[in-house]
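Protein chains: 2
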Amino acid sequence: MKVDPQCSYCLLSRVHYESELSTDDEILIGRIMQECIRVLNDTYAPGVPAASVSTSMHQRAYELLNDSDPYRDMKEVCNRTAENVFPIAMSMVYDGDPSDNELFRRAVLAAVIGNFFDFGVMGLEVPISLFDETFRQHFIRGLNIDDTSRMFDMLDNVVYIADNCGEILLDTLVFDIIKKLGGHVTLVVRGKPILTDVTMKDIIELGIDEKVDRVLTTGSGSIGVDMSQAPQELLDAFRDASLIISKGMANYETLTEHEMGPIAYLLKAKCKPVARHIGVDVGHSVARLCE
Amino acid sequence: MKVDPQCSYCLLSRVHYESELSTDDEILIGRIMQECIRVLNDTYAPGVPAASVSTSMHQRAYELLNDSDPYRDMKEVCNRTAENVFPIAMSMVYDGDPSDNELFRRAVLAAVIGNFFDFGVMGLEVPISLFDETFRQHFIRGLNIDDTSRMFDMLDNVVYIADNCGEILLDTLVFDIIKKLGGHVTLVVRGKPILTDVTMKDIIELGIDEKVDRVLTTGSGSIGVDMSQAPQELLDAFRDASLIISKGMANYETLTEHEMGPIAYLLKAKCKPVARHIGVDVGHSVARLCE
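So the protein sequences, as listed, match chains C and E.
Under UniProt numbering, residues 1 to 291 are what the first sequence spells out, in order.
Under UniProt numbering, residues 1 to 291 are what the second sequence spells out, in order.
These are calculated hints, taken from the structure and not from any lab test.
Please note that the accuracy of each hint is not assured.
Said to hold, decoys possible - Some, not all, of what chain C presents toward chain E, calculated at C-beta under 7 Å:
| # | residue |
| --- | --- |
| 1 | P5 |
| 2 | Y9 |
| 3 | S13 |
| 4 | H16 |
| 5 | Y17 |
| 6 | M33 |
| 7 | R38 |
| 8 | N41 |
| 9 | V48 |
Where is the CB? At the ideal position from N, CA and C, for every residue including glycine.
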């Protein structure tokens, strides 16, 4: 996906947000903003991939903050919030002894709603206190794009590219049904901390490595998946997958720049540029298969 | 007032907004964003006056849009909305035969609430359909900073620097009480269209020139008042005034860069940087006298 005008100010607001998470030194924050405006000016041009701008800006901010993980505490909040909502999600997914096909659809829906756990995207945030109720509402509303029936026959050897902390707990509902059906799950997480995205450390702390067959990393702390930095074993896994499942907007932004598949994009459309690119409204729940 | 980190992304969002008001040519909009990022990069530095960044960015956007007034239709909407709310404002200001001092305080409050008619500031917008109710609520809530009693004895020769279309109709409630008390009102409007700000053309179309003693302009289409472009008669008016009344955030941002006074700042604090500079919360109603 190419950069949109809106990305420019969303990214500056996010750099400001993460700077304030990391420090209260206003002089340093002012210097980071000035430097990230310079990086924006150097990288922004109509038609460039969105992630080439965003990765450069965030990495420069992290360097100047001298902080490898400004979202450390925020990730913890995301996980705790997801733990609270998990029992509700579980009961709604398994309610009334559904068929495997229906179970898969519901688990995907729960995982997509979990994508709301990402804090800091300008324009669409859900207060933590409202998450239970929001989860119920969005579950009842269902998927706005639902290709889960077509995905259902492709679950032999799944590569599942995770997005944020918090939502990763809801992703396990999808892992469970794939495993129940006899499928193999390779989970992919970021190589280094970036935003609230899941890393290997988070996966081990949460015990999620035991829910899947293996865990690989993207090989970098870039936004989404930077294929130029992807380890060979990840490239092999993509090639051999019966289905790649890509979670969230950052993975969508980066993977739509490459010819690969079959790939399923599971996400909440949380900003106008991504929503427009997919052809849905902001707030819609998406499970689209591209073959 | 100096530039704040938040100004950087607020300004880019506003440039995007006004570009979309003026054209649906996405290629042109992309080029304008890229160019305004360049202007932001050239002008933004911690400690520079906020208006030196904002004026440069907006003027470059207007040039590239080849549009002298992208907010043309929006200004019309502001005026129509203000016309609808005016009878309610009038009745609340004059309710119960108030003293002149109280009448002035209420008229100032109504004018401050009118400052909400500015559309397009990120983070605080009031839907048109809710304006009546919002007006009532804010009127009952009153002024969070109220120096009107001290202003009341300074109304002999007032220079009133207007802000936006729409709210200018509510400003006439203040003009009326100053005139009733025997004072002289010099109204100051922008020299050229900028954002939804009032120009001489707007004043004449609305018949507001008949409500005041004379109308001057800032001599430019800069944000707020750019003193380096102010005509001599405006500088003379400032010097001779018993009280300068400055309406809204843009005038506040620019006039706080100069030693002048006595000056009264009437505004709704619509963004964090201005609210913090004044020492109030976002959404607060301010009538502060600086002597």
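Cross-check of the supplied hints:
no. : hint : verdict
1   : P5   : holds (4 Å)
2   : Y9   : holds (4 Å)
3   : S13  : holds (4 Å)
4   : H16  : holds (5 Å)
5   : Y17  : violated (10 Å)
6   : M33  : holds (4 Å)
7   : R38  : holds (6 Å)
8   : N41  : holds (4 Å)
9   : V48  : violated (10 Å)
Checked against the numbered hints given earlier, this structure breaks hints 5 and 9; the rest are met.
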